[in-house]
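Those sequence lines, one after another, are chains A and B. Residue numbering for the first sequence follows my numbering, starting at 1 and increasing by one per position. Residue numbering for the second sequence follows my numbering, starting at 1001 and increasing by one per position.
Treat the hints as calculated values from the structure; they're not laboratory data. Just to be clear, a hint being listed does not mean it is correct.
[Said to hold, decoys possible] Straight-line C-alpha distance at most 25 angstroms; calculated BS3-like pairs for lysine-lysine:
(1) B:Lys-1057 <-> B:Lys-1020
(2) A:Lys-46 <-> A:Lys-84
(3) A:Lys-75 <-> A:Lys-101
(4) B:Lys-1078 <-> A:Lys-84
(5) A:Lys-178 <-> B:Lys-1073
(6) A:Lys-40 <-> A:Lys-17
(7) A:Lys-33 <-> B:Lys-1164
(8) B:Lys-1164 <-> A:Lys-60
(9) B:Lys-1057 <-> B:Lys-1073
(10) A:Lys-178 <-> B:Lys-1164
(11) A:Lys-178 <-> B:Lys-1078
(12) A:Lys-138 <-> B:Lys-1053
(13) B:Lys-1073 <-> B:Lys-1053
(14) B:Lys-1112 <-> A:Lys-178
(15) B:Lys-1169 <-> B:Lys-1020
(16) B:Lys-1169 <-> A:Lys-60
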Amino acid sequence: MAETTAPPAAPPPPNIKLAVGDRVVYPNQGLCKVTGIDTKEVAGQKLTMVSLLREEDGAKVMVPEAKVGAIGVRKVSSGAEVEKVLDFVRSDSDKASLDWKARARTNVERMATGGLLGLAEVVKGLQVLSELRPLPTKERELYNDARHLLVAEISASLNILECDAEDTVDALLFPVGKERPKRTAEEFRALAGGDDDELGLDGDLMGGGLEDEGGEEEPQEPAEGGEEAAEGEEGEEKKPAAKKEKKPKVSREAATQPQEPLKKSVISDVDVTLPQASPIITEPIKRKRGRPPKPKPEGPPPEPKKRGRPPKPKPEGPPPEPKKRGRPPKVAK
Amino acid sequence: MIRVATFDELDPKLVKDLCKILYQAFAVGAEHAGVVTPPSGMNEPWDAHRLIKEAPKVSAFQDDKILYVTSRKLLPRKLATGEVPTFGMSQYNGQRAVVSFAHIKNPNENVKQVARYALQELGHAWGLHHCLDPRCAMYPHWTPSYPNGDASFCVFCRETSEQKIRLAKS
């Protein structure tokens, strides 16, 4: 799924009526049990607080009753909802975005507010992505968290053991007696409507991920970005700051043409503005990697230098007498 | 500590090698806790759910894990999404796990294969989920390539298990 535009802001969910003993799901935390609803005075205000006990480890959480809906606390999904989720997992429709930033944003949103289906979307999306390439550590953790919450809720909803709940989901994700299929980048490209260049695929494939989030504010150099995307490997390499200020190299032909309106194209996760008629867009220049070879000097090759210390110049005239060693003989007085 | 209890008289070398591999994988001591009798009235293939609930107690501390090993077949489980073969079962974040090596030929010679299945069930007992890496012991065990892998975890699962064990000890 290629998320290019932010989804419209959803209306705040209505508050749910909670009673002591209810089982609820706290987003990103998991199953909780309502242990009490009390009125407390906080900063001079009387607030009705709902006390929740996390079932997994017994951690206590207190939430103002008025904010229960806004936080995303919800009741445990019903059997029918679980069926829908399993149908979704069974389908071969969901492909994660190859744009890691969009993917991370969407996944975090799904985890927080997406409900059981949101969890399943995260699991399914990352699972499918892992069939293309191994997940980076942060996404692997996210996958594990989503899977944990999904399994716990399905287990609570269907009233089965967690091992059975996990196998229920995994029987769809890892079909019995079959190996997982290998995905190709084309499948993901097709999902984005064939805009190969706009996926930033090459850059993303080279280990881009949530670990590289620090580089979010470092746009790549504009002109070479296109070339690098074509080259494949240098898509996500971070350049020194000085190099970024280089002016884009445009061919003479393109430079002489009248300036046309600028077109935006996305190359390797960053927006880059380039002239529409730029040859970089139409046909990427194939550059050889590494340092260019040194020009060969003309004329005969110089004689190879002799290694080691140069020999001492021989002194002119007769060679000096060798010094006598030892104590000089005593002179008779 | 991992206590390995067996439902049958197994080759001591098999049990010893299994304990050694478990120790290497979890960095937690593993020892044979003896032979225990299965719950009465069980017919082969055994029901793993019942086995795990009704298996006789083995003396262990609260943070110890008990692995029941059997050479008998386990009944495949019928789930909402289909039937899955059962080579083992575990209580997630619990104490008990059961593993069967009935489907493994020459278990005495293929200890690593037995250990791979055992690792998965013990991993579940420590709260690990299935893994995406086919080489990891936490990969779903019904896939054709699973028995060919090593009895070891991927980096992520190993670190997670270490973290869980550390938390359990503290």
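Hint-by-hint comparison with the structure:
no. : hint                      : verdict
1   : B:Lys-1057 <-> B:Lys-1020 : holds (23 angstroms)
2   : A:Lys-46 <-> A:Lys-84     : violated (41 angstroms)
3   : A:Lys-75 <-> A:Lys-101    : violated (31 angstroms)
4   : B:Lys-1078 <-> A:Lys-84   : holds (19 angstroms)
5   : A:Lys-178 <-> B:Lys-1073  : holds (22 angstroms)
6   : A:Lys-40 <-> A:Lys-17     : holds (18 angstroms)
7   : A:Lys-33 <-> B:Lys-1164   : holds (23 angstroms)
8   : B:Lys-1164 <-> A:Lys-60   : holds (20 angstroms)
9   : B:Lys-1057 <-> B:Lys-1073 : holds (21 angstroms)
10  : A:Lys-178 <-> B:Lys-1164  : violated (31 angstroms)
11  : A:Lys-178 <-> B:Lys-1078  : holds (18 angstroms)
12  : A:Lys-138 <-> B:Lys-1053  : violated (37 angstroms)
13  : B:Lys-1073 <-> B:Lys-1053 : holds (17 angstroms)
14  : B:Lys-1112 <-> A:Lys-178  : holds (22 angstroms)
15  : B:Lys-1169 <-> B:Lys-1020 : holds (21 angstroms)
16  : B:Lys-1169 <-> A:Lys-60   : holds (22 angstroms)
In summary, the numbered hints that this structure violates are 2, 3, 10 and 12.
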